[in-house]
Amino acid sequence: MIDISVKDLVKSFDEDENLLDGISFDVQSGERVGLLGKNGAGKTTLFKILTGEMDYNSGEIAFAQGKKVGLISQIPVYPAAFTVNDVLRAAFSSLDKIKARMRQLEKTMTEHTPKEVLSEYDALTSRFEAGGGYEIDTETDKICNGLMISQTQREQLFSSLSGGEKTRVNLARLLLEKTDILLLDEPTNHLDMHAVEWLEEYISRFKGTVLTISHDRYFLDRVVNRIIEISNGKAEFYSGNYSFYVQEKQARFELQLKQYEKEQAKLSQLGFTLERMKGWGINNRTLYRRAMSIQHRMDRIEKTDKPKTEKTMRARFAERDFFGDEVLSVKGLGKAFDGRTLFHDVDLQVAGGERIALLGDNGTGKTTFLKVLLGEEAGVGKIKFGPTVKWAYLPQIIHFEHPERTLLDTMLYEKNCTVQTARDRLGAYLFEGEDVFKTVSSLSGGEQSRLRLCMLMDEKIDLLILDEPTNHLDLASREWVEDALEEYEGALLFVSHDRYFVDKFATRVWELSDGTIRDFPCGYEKYRSIKAFEAMQIAAPVKEKREKKEKPKPSGGSKAIEKKIKSMEREIEKQETLVAEYDEKIAAASSDYQELTRLMEEKQAEEEKLTGMMDEWEALSLQLEEGV
Numbered sequence: 007m008i009d010i011s012v013k014d015l016v017k018s019f020d021e022d023e024n025l026l027d028g029i030s031f032d033v034q035s036g037e038r039v040g041l042l043g044k045n046g047a048g049k050t051t052l053f054k055i056l057t058g059e060m061d062y063n064s065g066e067i068a069f070a071q072g073k074k075v076g077l078i079s080q081i082p083v084y085p086a087a088f089t090v091n092d093v094l095r096a097a098f099s100s101l102d103k104i105k106a107r108m109r110q111l112e113k114t115m116t117e118h119t120p121k122e123v124l125s126e127y128d129a130l131t132s133r134f135e136a137g138g139g140y141e142i143d144t145e146t147d148k149i150c151n152g153l154m155i156s157q158t159q160r161e162q163l164f165s166s167l168s169g170g171e172k173t174r175v176n177l178a179r180l181l182l183e184k185t186d187i188l189l190l191d192e193p194t195n196h197l198d199m200h201a202v203e204w205l206e207e208y209i210s211r212f213k214g215t216v217l218t219i220s221h222d223r224y225f226l227d228r229v230v231n232r233i234i235e236i237s238n239g240k241a242e243f244y245s246g247n248y249s250f251y252v253q254e255k256q257a258r259f260e261l262q263l264k265q266y267e268k269e270q271a272k273l274s275q276l277g278f279t280l281e282r283m284k285g286w287g288i289n290n291r292t293l294y295r296r297a298m299s300i301q302h303r304m305d306r307i308e309k310t311d312k313p314k315t316e317k318t319m320r321a322r323f324a325e326r327d328f329f330g331d332e333v334l335s336v337k338g339l340g341k342a343f344d345g346r347t348l349f350h351d352v353d354l355q356v357a358g359g360e361r362i363a364l365l366g367d368n369g370t371g372k373t374t375f376l377k378v379l380l381g382e383e384a385g386v387g388k389i390k391f392g393p394t395v396k397w398a399y400l401p402q403i404i405h406f407e408h409p410e411r412t413l414l415d416t417m418l419y420e421k422n423c424t425v426q427t428a429r430d431r432l433g434a435y436l437f438e439g440e441d442v443f444k445t446v447s448s449l450s451g452g453e454q455s456r457l458r459l460c461m462l463m464d465e466k467i468d469l470l471i472l473d474e475p476t477n478h479l480d481l482a483s484r485e486w487v488e489d490a491l492e493e494y495e496g497a498l499l500f501v502s503h504d505r506y507f508v509d510k511f512a513t514r515v516w517e518l519s520d521g522t523i524r525d526f527p528c529g530y531e532k533y534r535s536i537k538a539f540e541a542m543q544i545a546a547p548v549k550e551k552r553e554k555k556e557k558p559k560p561s562g563g564s565k566a567i568e569k570k571i572k573s574m575e576r577e578i579e580k581q582e583t584l585v586a587e588y589d590e591k592i593a594a595a596s597s598d599y600q601e602l603t604r605l606m607e608e609k610q611a612e613e614e615k616l617t618g619m620m621d622e623w624e625a626l627s628l629q630l631e632e633g634v
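Okay, so the sequence shown: first residue is 7 according to the working numbering, each after it adds one.
Any given hint might turn out to be false.
With a Cα cut of at most 27 Å, we get these calculated DSS-like pairs of lysine-lysine [unchecked claim]:
#, residue 1, residue 2
1, K591, K609
2, K121, K105
3, K113, K103
4, K390, K466
5, K184, K73
6, K148, K537
Please keep in mind that the hints were generated in silico from the structure rather than gathered at the bench. The model shown is predicted, which means the values in this text are computed figures rather than measured ones.
Work out the full structure: start from the sequences and follow the hints.
Written out as structure tokens, the structure is:
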């Protein structure tokens with residue numbers, strides 16, 4: 007069944023060029039589709055068209071009849087007095103109407119209530135139950151906990167929240183509404199890693215259809231099963247997640263290039279022959295006819311367009327002078343703010359070449375920690391950089407003292423270099439041609455990050471500190487930054503919610519939580535496995551040790567029960583062995599998050615099975631003792 011159908015959709019903001027140029031695609035019921043494309047390709051425009059927020063020039067759009075559609079980017083305007091709880095409760099407006107009608111009917115019911123009233127009440131009760139009316143509070147708590155919406159925040163006025171907090175609450179409301187089709191525009195923005203992982207699990211269990219725009223490559227890998235890429239106003243299709251898309255796109259490029267080169271070689275050969283035949287055929291009608299035949303043959307050849315290569319940054323960090331191991335050490339580092347301790351008694355060291363990810367929930371103090379390290383904010387404790395160590399900092403919010411200057415002037419003034427050197431460095435970061443005469447203030451957030459990184463690249467940096475370096479960047483720009491950092495040989499300390507970036511670079515993880523920093527000397531996947539294991543251990547119910555009762559001596563009891571008990575004891579022994587074997591399997595899979603999660607779930611299921619068997623054994627033993 008098709009849930010979303012788009013046929014020959016055209017949308018133009020310019021008479022000479024269509025943003026969406028006859029785009030067509032279908033999304034089947036239950037599919038999870040990622041919508042990709044460069045910034046400005048038309049992804050968000052397409053979403054606005056799908057929801058009726060924006061009109062279009064021509065084409066057809068259809069949703070499956072009776073299906074409810076929800077869009078995360080749309081935040082409704084609520085009454086000024088609405089709290090977060092009121093917004094969340096709005097998801098159940100239809101159920102509230104049913105409940106109100108049920109209460110009306112209950113007041114009118116007497117001993118001689120007409121059958122039609124009883125029939126209506128019975129029907130409403132069934133609808134209320136089927137819609138989850140009796141699980142409203144439980145479901146609300148579950149989703150709020152998953153999305154890190156605290157009880158305190160739920161009591162706040164919705165209007166007092168930040169833009170990110172409003173988006174998160176709106177996502178919660180959308181999930182509570184039980185929509186059939188989810189249109190998600192950058193759903194992981196403003197979410198902590200824990201909340202993102204919870205959302206991924208939620209979507210994996212979601213029975214409806216999902217169409218999402220996202221630059222979160224980790225999210226796309228874990229959630230979607232098909233990719234639609236908008237390029238030059240058209241749709242290209244890839245049957246798989248983001249990793250498959252990357253590989254398949256490269257394979258298609260190579261195939262198209264090979265086909266193009268083959269055609270060009272053939273055309274070149276035919277062209278050479280054609281020119282010779284034309285020359286020879288001036289006075290020879292036979293040769294001239296052959297020349298015309300070759301011309302017709304060349305005209306009939308279906309020509310493949312030459313595949314376009316993406317522009318790539320040609321950037322490398324300057325060679326370093328420092329090659330020691332002592333880069334940075336902190337002892338007893340602490341910081342309090344407004345009576346709240348962000349972190350305390352932190353003792354850590356950074357060695358040459360290490361790549362450390364500083365992780366933690368929003369508001370734990372990660373950015374503040376970086377600023378204390380660099381002396382931008384006061385703190386307690388000792389901070390010591392290694393001899394001759396040169397560091398550089400790329401903040402989350404980029405600031406230029408003179409945003410009115412052009413890119414070229416900014417480079418000339420701040421780097422004190424020649425015009426040619428400035429243009430070469432800017433060109434290496436894809437600021438080419440007339441782009442260098444743009445003002446800094448006219449750049450997007452991602453472009454400003456790229457410019458600042460460009461200005462750092464020529465410096466001999468031993469420690470590079472980055473705060474959310476991939477924020478505001480599209481997928482291509484993220485890959486450009488990653489390519490540049492792969493060439494960097496110094497120490498790297500970074501804060502990021504981009505799990506793909508963290509997984510790619512982190513060789514060590516610092517986790518800031520509850521005022522302390524815990525050191526994990528491993529990469530991101532191993533860190534996730536450790537955290538998943540710890541969470542499972544905490545969540546696992548503490549099982550009371552059962553003392554095996556001595557097998558009661560039957561005194562005329564049932565032989566059948568006695569036989570069953572013996573059989574149960576053998577089965578229990580086997581089950582205990584099976585459960586014990588899982589501990590070894592879990593230890594062996596500690597570096598594989600997916601496998602670890604699967605094994606922990608299986609172990610829990612087998613433990614529950616063992617508990618049931620023990621309960622049955624005890625019941626049988628009691629029967630035997632009582633002589634039943």
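Practice prompt. Of all the hints given earlier, name the ones this structure violates by number, lowest first.
Written response: Checked against the structure, no hint fails, so every one of them is satisfied.
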